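Q: Can you build the whole structure from these sequences, using the hints too?
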Amino acid sequence: MRQSVRFTLVSILLVLLLVACNAAPPATPAADSSSTATQAPTTDSSDAEESSGDPVTIDWWHISTEEDDSAMWQTLADEYSAEHPNVTINITVLENEAFKSNLTTVMQAGDPPDLFQAWGGGVLWEYGNEGLVRNIAPQLEGEWKESFAIPSAVELFGQNGEYYGVPWRWGAVGLFYNKDLFEQAGLDAEGCPATWSDFLTTVQTLKDAGITPISLGEGDKWPGHFWWVYLSMRNGGEDAFLAAYDRSGSFADAPFVKAGADLQQLIALDPFPAGYLGMSYGDEATIFGNGEAAMELMGHWGPGQSAANSATGEGVTNLGWCPFPAVEGGAGQGTDVLGGGDGFAVGKNAPDETIDFLRYLTTEANQRRMIEGAGMGPGVIKGTESLVTDEWLRSVVSARDGATYAQLYYDQFLPPAVGGAVNDAVEQIFAEAATPEEAAQMIESVAATELQP
Amino acid sequence: MSPGPFRITVSNHPMEVARQRRDFSKALTIALFLLPGFILLFLFLLLPVGQSAYFSFYRWNGLGPLEAFIGFENYQRVLSDKIFQGAVSHSLFIVFLSLLLQLPLAMGLALTLVRGNLRGNRIFRTIFFVPYVFSEVITAFIWMYVYHPRGGLVNSVLGSVIPGYEIQAWLAERDTVMWALFFVLTWKYFGFHMLLYMAGLQNVSKDVEDAARIDGANESQLLRYITLPLMGATIRLTVFLSVLGSLQQFIVVWILTEGGPVNSSELIVTYMFKYGIQRLNLGFGSAIAVILFVMTLIFSLGYQRTVMVQDYE
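As you go down the protein sequences, you meet chains C and L in turn.
For the first sequence, the working numbering assigns the number 1 to the initial residue and increments by one for each residue that follows.
For the second sequence, the working numbering assigns the number 1 to the initial residue and increments by one for each residue that follows.
The set of hints was computed from the structure by calculation and includes no laboratory data.
In this text, all values refer to a predicted model and were calculated from it rather than measured experimentally.
One or more of the hints may lead you astray.
[Claimed, not checked] Derived list of chain C stretches under chain L, where covered just means 3 residues or more per stretch with a C-beta under 8 Å from a C-beta of chain L:
no.	segment
1	270 to 276
2	426 to 432
[Stated by the list, open to error] Some chain C residues judged to face chain L by a derived CB distance under 8 Å, without partners named:
no.	residue
3	M107
4	E126
5	M279
6	G282
7	D283
8	G420
[As the list claims (entries may be wrong)] Covered stretches of chain L (in silico footprint by chain C; criterion: 3 or more residues with CB under 8 Å from a CB of chain C, positions within the stretch not fixed):
no.	segment
9	60 to 68
10	258 to 268
11	277 to 290
Cβ coordinates follow ideal geometry from the N, Cα and C atoms, glycine included.
A: In structure tokens form, the structure reads like this:
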């Protein structure tokens, strides 16, 4: 009896104390986010661009792990701090995948870095909707915005008149190929396959010559999603995608199914390295860089990565670039381009100096240094388009600038759940685990709940 | 105290009052000592569990306020998702194979090392235990290279031994991936169970075993009727730890396959991380977490009440 009295006493005491200490926490998630939402406009309205002179720290996360690139960022940061002694810039360099998972965590905690890698599109807009990024429109509008050569890229960093960041590099996805291996297989190393069936013939010719036609690391999923997305673009054009996006159409519509069927034709030729379903993009870059496979469908960063991963450190020396082939009878044009690039977004708690620093990073003079000094092109600022010297990079830039329709990577443009569903569905096609119809339906079922018209 | 029918009560005795005071201060002391632990338990265990349960009734991307109350829809979606059903079956695959293969292996090695009187006992004990000491991330990276289709150890060795061997991507084939992962998990954790068994064996009295020998028991009878029953408590504990560990497995599998290819090595926790956290569906993810919590809770309570109860006496 006495024991149970004591126990009750102890328990009551503990509970009382805990209630006293913890009355607040369960309410915090909602309270926190609403307070950030109300807070964002107030910080925005202070358009004092000039630094006040108080010591401030800018936390900057970028994903340029290659040595030259990250050295260039460090140099620019050091120079800026030297000019503005009150500004300290803390750089965190993260590998792409690590960056994405770390950013998700800090975003959910409501504590984004001041300046961070962003690709624009739906993912960034979602942060914008929740007030996790700062609106830099007051500073951007005018001279700064007009200095960009590709307005469509800048638009991807904002919505409804707000802007959360700017791009600093913009490219296009296309077919990189190893000219030496093409010649070895008796193919024309200067011409591009114009149509999907020409392309399939090219693949078969390489295969017959004993060369692995295409490098792919489908374990990471996004490298493979380029194939399906390009085929959807070629089959359905801009209209099919926009209809599916605004819900007047569907991702189960014919062009998306046809894209899967076209992809199956390619997979049937067995053009990828052994074990590609389990390999990473790093493996893909290594294989292409070592000249063990003839082609790679990749963005403008591909050659840099495959050079870094290759045994010689130089990658493919005799490199060519082709736009993705047209699909016969498709609604899309051969000049429609899937692309995207890198930019930086400004976190909600960033000091004003962050925006000034971002502007500093995208001045024409600094873009010039980035491109000429570290090969960090293709640039986005007017007057830097002509700076690229590599023949393949010039092809990328002219495809980008001449695009009849520019589509951002699906997994950045669409909300994360839909982008993830695209990657999953395409992986299933590659693994021959789903038919084109099933894959399209998988994407549509997620899009139906996630995309509100 | 006013005179009345309640006047004569035990508590009014001065000795009793003093004792009650002592009791109260004792209770206060106990409460103060328990408080730090209880706060930690509350903040980092009870509160998050409660929050997850709360979140699981909303459609929520983890960024904005909780607004879209959807009742049990998240649970419905989880339970009817084929990928989740696959994840549960893969987790159970690991659970059962661990019990059937990993624990007997650990027991066999423990018996050999403790009773075997081999030379180099200590060296082997260390070698077998080392994988457990490695962090899970390091383990996963080691095995990533071992299984790698391009010049990985397994393929190189098999290639040089078996003529005409074709390179296998062990982690990229849907038929082999779970077995390949199970092998890694066994390599990683058997040393831990072996160590527990070795400790358990120390407690089995030599006298009893010798007595059985004198009575004419041969070695297999000795093992069957004397040694294993005397190690019952240890075995029951390792089964408990092994099942819970298997259900909660994440790091090794995530690094090696991320649940792929095509969800064929998806476990409950990788499923939760991928579809709940990475894709910003925190309400959905919370529902998965609650389901896993209920599964492990039912197992823990059931197992402790029925099987382990004899060890508490």
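Q: Hints first: check each against the structure and report whether it holds.
A: Checked hints:
Check result for the segment 270 to 276 of chain C against chain L: holds, 4 residues qualifying (beta carbon to beta carbon below 8 Å, three or more required). Against chain L, the segment 426 to 432 of chain C contributes 3 residues with a C-beta closer than 8 Å to a partner C-beta. That satisfies the three-residue criterion, and the hint holds. Annotation: C/M107 was flagged as interfacial toward chain L, and the flag holds, the nearest CB pair being 6 Å apart, inside 8 Å. Restraint check, C/E126 versus chain L: the minimum CB separation of about 7 Å is within 8 Å; hint holds.
About 7 Å separates the beta-carbon of C/M279 from the nearest beta-carbon of chain L, less than 8 Å, and the hint is met. Taking 8 Å as the C-beta cut-off, the interface hint given for C/G282 is violated, the closest approach to chain L being about 11 Å. Interface restraint check for C/D283: the shortest CB-CB distance to chain L comes to about 7 Å, inside 8 Å, so the restraint holds. At a threshold of 8 Å, the smallest CB-CB gap from C/G420 to chain L is about 5 Å, leaving the interface hint in force.
For a cut-off of 8 Å, the count of residues in the segment 60 to 68 of chain L with a CB near a CB of chain C stands at 6, and the three-residue condition holds. Given a C-beta distance limit of less than 8 Å, the hint that chain C covers the segment 258 to 268 of chain L holds, as 5 residues qualify and 3 suffice. Evaluation of the coverage hint for the segment 277 to 290 of chain L: fulfilled, as 6 residues show C-beta separations to chain C shorter than 8 Å, against a requirement of three.
The structure fails to meet hint 6 from the earlier list, while all remaining hints are met.
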